[in-house]
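Fit chain B to the given chain A structure using the hints.
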Amino acid sequence: MENIIFERIKKDIETNDVVLFMKGTAAFPQCGFSAAVVQVLSQLGVPFKDINVLEDAAIRQGIKDFTQWPTIPQLYVKGEFVGGCDIVREMFVAGELQELLKEKGVSFKNAA
Amino acid sequence: MAMTGQEIIDLIRAGIPDADVRIEDLRGDGDHYAAHIVSPSFKGLSRVQQHQLVYAALKGKMGMELHALSIHTAAAK
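These protein sequences, in sequence, are chains A and B. Take our numbering: the last position of the first sequence gets the number 112, and nothing is skipped along the way. Take our numbering: the last position of the second sequence gets the number 1077, and nothing is skipped along the way.
Just so you know, the hints here were simulated from the structure itself, not pulled from any lab data. Here the structure is a predicted model, which means the values were calculated and not measured. For every residue, glycine included, the Cβ atom is placed at its ideal position computed from N, Cα and C. Accuracy of the hints is not assured; some may be wrong.
Claimed, not checked - Straight-line distance between alpha carbons at most 20 Å, and here's what the computed SDA-like set of lysine to any residue pairs gives:
id, chain 1, residue 1, chain 2, residue 2
1, A, Lys104, B, Val1048
2, A, Lys64, B, Ser1046
3, A, Lys10, A, Val40
4, A, Lys102, B, Ser1046
5, A, Lys78, A, Gln68
6, B, Lys1059, A, Gln61
7, B, Lys1043, B, Leu1053
8, B, Lys1061, A, Ala94
9, B, Lys1059, A, Phe66
10, B, Lys1061, B, Pro1040
11, B, Lys1077, A, Ala94
12, A, Lys64, B, Gln1052
13, B, Lys1077, B, Pro1040
14, A, Lys78, A, Asp50
15, A, Lys64, B, Leu1053
16, A, Lys64, B, Lys1059
17, B, Lys1077, B, Ile1023
18, B, Lys1061, B, Glu1024
Claimed, not checked - Derived coverage of chain B by chain A (criterion: at least 3 residues anywhere in the stretch with Cβ under 8 Å from a Cβ of chain A; other residues may be distant):
id, segment
19, 1039-1052
20, 1066-1075
Bound conformation, chain A alone:
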C-alpha cells in the first residue's frame, strides 16, 4: 500500500516545481502553520501546487512516512523536501529560501 502512496507523492513533487502539502487549501488554509507557509510563498509571488491532506488520509500519513517528518505543512521545491513551517519561515527571513529558488531555477516575482 505504501509504495502506491509514495508513487503518487513522487509524481506530484516531480511534476510541479513547488508543492505544499498542507491542511486546507491556499485560498482557505485550515491551520496556522499551513497558513504561514502560504503567506511566505504569496509574499514571494512564487506559484505553487497546494495539496490538501485533510481530504486524503492516506496522503496525510504517507507524506510523513515519505520524509520521516511528523508534521504538516511540508514544502517541496523541485522534488526536494525543504522543511515545515519553522524552517520555511527561518529560511525566508534569512534570504535562504530566495537563494534556493534561484539556484533551482524557480522564478518568483518579489525578492521581498
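The following block gives chain B in isolation, referenced to the frame of chain A:
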C-alpha cells in the same frame, strides 16, 4: 494529554545530551510551545536534519500529544 515544558526539555536532553534547551510557552495553554535548542551535535547538519534529531528525541510524540511545538535550532550561540 498535553505535555509540560519540563517534560519536553527532559525528552530533548535525553536524546541530545549536549543540548541547551529553552522552552517558551507561547499561549500559556500548555499546548503551544516554542523550543530553542542549541547543540554542537547540530554542527554541519542541514536545518531539516537538525529538526529530525529533535523529532527523534521526542520519540514520536511530535504531532501526537505535542501538537504545536515550534522548533528553532542552532549549532552554537
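*Counting residues of the segment 1039-1052 of chain B whose CB is closer than 8 Å to a CB in chain A, do you get three or more?*
holds (count 4)
Could you grab the alpha-carbon distance between Lys64(A) and Ser1046(B) and see if it respects the 20 Å cut-off?
holds (18 Å)
Between Lys102(A) and Ser1046(B), is the straight-line Cα distance small enough, at 20 Å or below? The hint holds at about 19 Å.
- Message: Just to be careful, I want the Cα atoms of Lys1043(B) and Leu1053(B) compared with a cutoff of 20 Å; is the pair within it?
- Response: holds (12 Å)
*asked:* Checking one constraint from the list: CA of Lys1077(B) to CA of Ile1023(B), max 20 Å. Satisfied?
replied: The hint holds at about 16 Å.
Agreement of Lys64(A) and Lys1059(B) with the hint, judged by alpha carbon distance not exceeding 20 Å: Measuring from Cα to Cα gives roughly 14 Å; hence the hint holds.
*Within 20 Å, alpha carbon to alpha carbon, are Lys78(A) and Asp50(A)?*
holds (14 Å)
### Query
Within 20 Å, alpha carbon to alpha carbon, are Lys78(A) and Gln68(A)?
Given pair Lys78(A), Gln68(A) holds - Cα atoms ~19 Å apart, limit 20 Å.
Note to self: Just to be careful, I want the Cα atoms of Lys10(A) and Val40(A) compared with a cutoff of 20 Å; is the pair within it?
What the structure shows: Measuring from Cα to Cα gives roughly 24 Å; hence the hint is violated.
#### Entry: Pair hint outcome, Lys64(A) versus Leu1053(B) [Cα-Cα no greater than 20 Å]
Given that 20 Å is the threshold and the Cα spacing comes to 15 Å, the pair holds.
Practice item. For the pair supplied as a hint, Lys1077(B) and Pro1040(B), confirm whether the alpha-carbon distance does not exceed 20 Å. Key: holds (10 Å)
>> Tell me if the straight-line CA distance from Lys64(A) to Gln1052(B) falls inside 20 Å.
In response: Within the cut-off at roughly 12 Å; holds.
Of the numbered hints listed earlier, those contradicted by the structure are 3, 8 and 10.
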